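The lines below spell out each chain.
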Amino acid sequence: MSETHFQAIVIGAGPGGYPCGIRLGQLKVKTLVIEKDNWGGVCLNVGCIPSKALITAAKKFEDIQHAGDFGITVTGDVSIDMGKLQAWKSEVVRKLTGGVATLLKANNVERLIGTATIVGPNEVSVQTAEGEKRFTAEHIVIATGSRPIEIPGFAFADGPVLDSTKALALAEIPKRLVVIGGGYIGLELGGMLAKIGSKVTVVEALPSLLTGFDEDAVKLIARKLKKAGVEVLLSTKALGWEKTDDGIVVKVGTPKGEQAIPADYVLVTVGRFPNSENLGLEAVGIQKDGRFIKVDEQRRTNVPSIFAIGDVACQPMLAHKATYEGELVAEVIAGHKRVYDARTVPAVVFTDPEVAIAGLDEAQARAKGEIKVGKVPYGAIGRAITHGETDGFYKVIVDAKTTEILGVTICGAHASDLISEAALAIEMHAEALDVGLTIHPHPTMGEGVMEAAKAAIGEAIHIVNKP
Amino acid sequence: MAWVFPMPEVGEGVVEAEVAHWKVGVGDLIKADQPLCEITTDKASVEISSPRSGRVTKLFAHAGEIVKVHAPLAEIELEGDAPAPVTHVPPASVPASMTPAPVPTPSAAPLPPPVLPGTPAKAAPAVRRRAHELDVNLDAVPGTGPGGRVTHADLDHALATVRTPAPAPTAAAPLPKAPVALPQVRPSGSEERIKIVGVRRKIAERMVAAKQSAPHFTYVEEIDCTRLVDMRDRLKGRAAQRGVKLSFLPFFAKACSLAFRDFPNVNAWMDNEASELIVKADHHIGFACDTPTGLMVPVVRNVEQKSILRIAAEMNDLFDRTRAGKATRDELGGSTFTITGVGNIGGVLATPILNVPEVGILGINQIKKRPVVDENDQIVVRQMTYLSPSFDHRIIDGAVGARFTAKLKEILENPECLVLELA
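Those sequence lines, one after another, are chains A and B. Heads up, the first sequence is in the working numbering, so the first residue is 1 and it goes up one at a time. Heads up, the second sequence is in the working numbering, so the first residue is 1 and it goes up one at a time.
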């Protein structure tokens, strides 16, 4: 690459940056994408994808243990070879990240590995293996993502203290694990490790797990965690840790007093901070909003030539929101008239059972006005029973007067694959009957969405409707 | 009883039509078969008559707006039921936005009232994106979709309703009261905005489609029409005895039809989506026709099977009816090749724009006596013209276009060969 001037430079090749680069390439905007570590960012390398790979393996392991329910006899020991599992996970990651680089190339996007700093409204300095390079561009897109929050007393540099990245690369199954933070990352990883044999204790500072999620869903997940042998300490603060003869102890402050929990590792998942430091924002006077970069509805910063997308720009810190923003910004740069205009960013948690939500949850909707709620248990859906997955529910929340669908929460097996229909319904301003009158194939999990929509207006078939 | 008259089916494949203008207003009495309005499809203007008698109580579209087939067109309080007072129009029954447009109002037509204040408009993501691009506030657009959702059509409607504001009264200094002999000078900067609707809009769309989708070139050849002029002059009287005015056009049409035998790909449609050329066995030749409302293309079908006299007779009838706005939609479409010419007005030659999806169009120009050097190096007076056909270069290369034109030249310079082709 000999050019030093581009129409657009994208800093970061995660789920915000790389689609931004591809879309820019499609729109014939001469683009350079700069990545600090690996193509695909956290999502593909040390986030969404590897965690789902391990969660799938843990689920298969659990299913084999319960194979007897289906009349399947498994003889001999069922065990996990962590080395082989990690190798398979790495192969999954390699396939996907390789795809990112190929797509960027196919769309004539220049690529560079290095650490970028903004040195002017139209200039970027990059530290590469071959030294510093400088590039100019009409537009700069900051897509630097976020990183796990470190808390006092639990430095990630220390061996037994894990962040999510290290937890996904464990060479052994921890015998005893303390998870600090009962949010979605902690419960996904803690739950996964519990399934493959760890004794897991979850420490949450707030009085509830998964704060902000549907209460019914949280109750169900808490019940399943307990069943899996996970201990949950609520309203409990993590104080510190010490080495012992056979591992460590994690000291926590519970409402009943201090407690020392023996463990091998402690996983800290208390949230993520946007990567908005050391970028040179101050040099060009880019304003921040807390730790986020302040952006407008086009994701433009106060410096007109510079945009920010994804986790570094605003909540929710979700890969698919970053992707939407990446494409949006690419089109804005290409001169299209565009603005962030999504009604809902669906969210999915890969706990057991999964939770997926689009639009408002029940509590948010109630606070806004009169609603009706249609709730259908998994046990009423034929396909759920044949899956052997009857723990769960579908909940469709509609406006009491217009029956417009305001939100959908699904908790249970395959919830993550069922929520997109709800997101579409919300974007299209569908009413309960729009979903209710759409013929859903039988026997499928999707029927539950239809039934819950009908339940919201008292027309469900497979449950007794509430008066 | 109020009866809603829906937009009738006006032709095969026609899904919508534009209301060109209303012939009645709200409150007017209308008799069965009395014209209600004139509509324009992509091909033709059609007069729609009311099938029933009564009083018009509502018009569902402004002039210039598109109405889908089967969508409400007008509401009529049927005769005999609930006699409405003759002089009084119930104002409440007519929303301001539906006041018929024919009477030009100096002020902007009011936009329909916004939906409930504070209620964000219901619209799908694609509609929302387009509204944003067009700077339309969706909250102010009434939705006709399911559950009051704003659709693309509603957006179109809202755009069409935003009328051009009348020019602000100019605060020009009062003119001297004394009798002014000189013509009044128009205040500078005054202009008129004319909405491009109806046939004009269709023409505009077709031309843009041709220029954008079909890269076409024009080739020009000189033709000695002396023998053709002589032949036509001798046949003119005989044709007149049969009641047919014989122009040169039927000869050109027949010549094209003969040339298509050797060049079938010139008589074809281009299917851009499928990337396929549809070679037509029928020689349906369209003739560009200048009408008061704009360019129309009446079509003489199966020229390959018809005599020159018959082509002339059909053409004359079609031209008369097209200019009078009486040609049917079917007669104004379906051509496989088009002939155009403004030689009767003047000019040396024109470069025609394709009538897509056709891949060829023949421009014919003024036949005029010109000095020509003959084979004996003598300057002689000959009846000359230029042929200026345009071809879609995706299909027809320059050499092929030139050979096709050479074939036309051969036929037209030796018009007696047409006799051999009599059916």
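I should point out that these hints are in silico values taken from the structure, not numbers from a laboratory. It is possible that part of the hints are untrue.
Claimed, not checked - To give a feel for the contact side, a few chain B residues facing chain A, derived at Cβ under 8 Å:
| no. | residue |
| --- | --- |
| 1 | K122 |
| 2 | A124 |
| 3 | R149 |
| 4 | A153 |
What the hints assert, rightly or not - Cross-link-like lysine to any residue pairs, in silico, SDA-like; alpha carbons within 25 Å at most:
| no. | chain 1 | residue 1 | chain 2 | residue 2 |
| --- | --- | --- | --- | --- |
| 5 | B | K407 | B | D317 |
| 6 | A | K52 | B | R130 |
| 7 | A | K337 | B | A350 |
| 8 | A | K337 | B | R310 |
| 9 | A | K401 | B | A160 |
In this text the structure is predicted, and so the values were computed from the model without any measurement. Backbone N, C-alpha and C fix where the C-beta goes; we use that ideal spot for every residue, glycine too.
Taking the hints in turn, this is what the structure says about them:
Using the Cβ-Cβ criterion of 8 Å, the hint placing B/K122 at the interface with chain A is satisfied: the shortest such distance is roughly 4 Å. This hint holds: B/A124 has a C-beta 5 Å from the nearest C-beta of chain A, less than the 8 Å allowed. Hint on B/R149 holds. Least Cβ distance to chain A is approximately 6 Å, under the 8 Å limit. At its closest, the beta carbon of B/A153 sits 16 Å from a beta carbon of chain A; the interface hint therefore is violated under the 8 Å criterion.
Proximity of B/K407 to B/D317 is assessed by CA-CA distance (about 29 Å); at most 25 Å being required, the pair is judged violated. The straight-line distance between the Cα atoms of A/K52 and B/R130 is roughly 37 Å, outside the 25 Å bound, and the hint therefore fails. For the hint pairing A/K337 with B/A350, the CA-to-CA distance comes to about 40 Å; that exceeds 25 Å, so the pair is violated. Distance restraint check for A/K337 and B/R310: the Cα-Cα separation of roughly 56 Å exceeds the 25 Å cut-off, and the hinted pair is therefore not satisfied.
Under the criterion of a C-alpha separation no larger than 25 Å, the hint pairing A/K401 with B/A160 is inconsistent with the structure, at around 32 Å.
Of the numbered hints given earlier, the model fails hints 4, 5, 6, 7, 8, 9; all others are met.
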